[in-house]
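**Student:** Below are the chains, spelled out letter by letter.
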Amino acid sequence: MFSIKRVVLTLVLILGVVLAGCTPAATPTEVEAPAAEPAEVEAPAAEVEEPAVEAEEPAAEAEAPPATEPTTLIVAFSSAPTTVDPADHRDRNTESLIRNMFDGLVTRDATSGVHNELAESFNWADDTTLEVTLRQGVLFHNGVEMTADDVVYTFERVIKENMIEYPEAHTSPRKGLIAQLESIEKTGDYAVTMHFSAPYPTAMQMLVHQQVIPMGYMQEVGTQGLLDAPIGAGPFKFISAQPGYTEVVMEKFADYYGGAPDLEPVGPACVDTVVFRVIPEASTRVAALLAGEVDIIQNVPAELVSTLEQVPGIQIKTAVGTSPQWMEMNVNQAPFDDVKVRQAMNYAVDKQLLVDAIFGGKAEVLSGPLSPYNAFVNKSLQPYAYDPDKALALLAEAGWTDSDGDTFLDKGGTKFSFIIDTEEDFRAISEAVAGQLQAIGIEASVRIWEYSVIKPLLQAGERQAFLNNWGDSAFDPVGHMEAKWHGYVEGTTYGRGNFSGYNNERVNELIKLGEVTVDIAERQTIYDEAQQIIYDEVPAIFLVLPDVVSAAAADVQNWEPAADGRFNMHDVCIGQ
Amino acid sequence: MKAIKILERVLVSIPIMFGVAIIVFLFMRLTPGDPVDIMMGRGGAVSAGEIEKLRSEFNLDKPLHVQLWLFLTDAVKGDLGYSYVQKTPVTDLIRERLPATIELALTALLFALIISFPIGILSAVWQNSLLDRFSMAGAFMGISMPGFWMGIILILVFAVKLHWLPVQGRIDFDAQLAAGTGFFVLDSLLSGNRAALISSLKHLVLPGFTLGAGIAAILARVLRSSMLETLRSDYVVLARSKGSPEWNVVLKHALRNALIPTVTVIGLQVGVLLGGNMIIETVFSWPGLGRMVVAAIFQRDFPLVQGSVMVYAITFVLANLIVDILYTYLNPKIAL
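Residue numbers (this note's numbering), protein chains in the order written: chain A, 1 to 576; chain B, 1001 to 1336.
Here chain A stands alone, though its shape is the one from the complex (with noise of 0.2 Å):
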């Protein structure tokens, strides 16, 4: 089915080559300004001042006498969400889709920042306790206002054993996401207490994943009820949803707060309606977007983007990823358990020949186990150039040399040769470092495999190398170094996604220390080292890391793509 998916983008690409064709050559439009340059740290901030400028136009559309039509917006997603109950899912798109109608105590904006959104100031007492003070006159969908119970009540639900009832008993799925909160309690009718099992130092960033719910509503109907008439206090109210969520259509909820005081523009949602659809195929949501079916379109895979931007009006917009990607190798088997030959694996590949070619420029050079935009990233690590002549002399040094003039290096008699295990979705950057190792004398073919197949035989130790993801999207190390770098122990968290057997106990002991460290600068310390020693020790190469491409059409104003994959419609309007 996936190489289905390649003849059919292509079939697209050749469409828009002849739709380009058909209009005089166009100037490209907004679709240059994130220069895809490692600069872009600097662009966001003033991507941040950008719907400042715009903020004075929706709010002063809403305020407007009755608007002559309404506004419809249509946002097709590239998979189903699976429920509207805030707390019984673990999958983006329905955080997504959630957070339209739900609000939270926190909110993150385009690049991550924290800002409050239900909360109006939280006070640490201690380093396991918060104290939250929550914003008065809060309206939910149905009227009532929120208070400290309704808080006290959507974390409890998510806390506690077995609080969902329907279909069966069963605990919140997001519980882990919060796992430190050990309990609530209120302390006024606009106050609650937080209390942590260990210091926390993710807090804030985790509660942006937590959404407020109305208590009294779901004692009235409970989760079931909920699911059929979802009510929160976001900017829009559920309206209706066919089988599966495969469409979701939501209006602008009139009474709404106005959402986070620190994020323009602060008021009701700027258009009436929005209709959230689900389109799986690539190329059929890249066909509708070109047939003023929808609006917006999620994940443009990178073989489109250039088609689009030949398309006239159509805007491309790239948010940070949170998704880098490396190739592990398995640092317990010949001939990656010399750490020669991996630091030579990463002089050998052109990293940035791979974000020009394979993803159109949208996407960063990795210069370590964390992505660019990790609040604790090491600043200090420099991508691993790329310089061959450097990788075959490490390789020398450790043994490898073309010796019988088949141009490929062997040791021992052993001809250099290995697989790169991947996934469909990796297969051209796959190719391309196999390609790249070729060059070089290293015999590395790709090998496709689907992840829950490969997965086990991976943490069994029996393969060499896998080209892979994993999300940071909370952007902090937690969360992502204890599944990728720490040591893989059964059962735990801990290496739950480490597929190359490293385990370095001062690394898992920096990893350990960093989840209950608050001091920041102490923080970045700890991360700093286990980062540094990760970068010497090379257990993957470290490659790239995609911007997320979404497009909208030509009328769509104001609307920026979130790094955490949020799409947040309460900003964005629709005019010509």
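Simulated from the structure, these hints should not be mistaken for lab results.
Be careful, since some hints might not be right.
Facing chain A, a subset of chain B residues (Cβ under 10 Å, in silico) [stated by the list, open to error]: (1) 1063; (2) 1167; (3) 1298; (4) 1300.
C-beta: ideal position from N, C-alpha, C; glycine also.
Given the coordinates of chain A, work out where chain B should sit on it, guided by the hints.
**Tutor:** Below, chain B alone, put in the same frame as chain A:
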């Protein structure tokens, strides 16, 4: 008598369903991949013990035979469990999705019949004519053209370029069709909602045609060859010599007898209509059962896959039964 025979056939299919249930159950568990692990995704915090807890919640920590026993005893009571991912009873999920799939399958079948019958009959009557050659060339194309490819070409031409038909989906979101049977065409007729009727019919054209085209090609070829055979048979020669009008000879004497193999093929194609849906439903974002099953397989959502495959199996058994019953009408010599 016939009623008893039919009942007998229905009873025989019960052990078949049991067999299917057990095989699907075992195959899903033999496939590598842990549903809980997939659910936790790649990235984000997962607390220790959370995975074990989910596994026990789904009964995945129990021995295989216990899991199978739980599944079967519940299934007999009509309870197919609930989806790991969507946390909704499987029977509800299937009931919601099935009308979309059936509506699309019926449309495809209708397209297939409308296209294949005239072509099949005429190309047999005018064997080796220009029409015969062209239509058979078309049939070859229809058979060999993959559905997803044809679907995307049709989208590009009729939706993106000409704007005649919608790219994807089942109905316009603002058609305001009141909930009813789940069959949108039927619902809009019942509620007299003209806008919804037009919208749902428009949305049916491209996927229905794409799905039906392959079947039309096969049917046209089968019908043509069996018509050629019956047109040469003695009773047709006799009918002609009695001076019966040619249309009467073709439709009444030849076609009726040529229908037996054709009906068999239609019966088999019901399976294709359901199975082929997975790809067509994905290309056209048709919210049917096929798309749900594909997603469920990748997520290793065992209860949902099991339940859906059971539905496919029941449909197959029923389609075969109906074909067998139809035989007895087409040819009274055949008994059930």
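**Student:** Run every hint past the structure and note whether it holds.
**Tutor:** Outcome of the hint check:
The beta carbon of residue 1063 of chain B comes no nearer than 19 Å to any beta carbon in chain A, farther than 10 Å, and the hint placing it at the interface is violated. Taking 10 Å as the C-beta cut-off, the interface hint given for residue 1167 of chain B holds, the closest approach to chain A being about 4 Å. Here the hint on residue 1298 of chain B is kept, as its CB sits about 8 Å from the closest CB of chain A, short of 10 Å. Here the hint on residue 1300 of chain B is kept, as its CB sits about 7 Å from the closest CB of chain A, short of 10 Å.
The structure fails hint 1 only (numbered hints given earlier).
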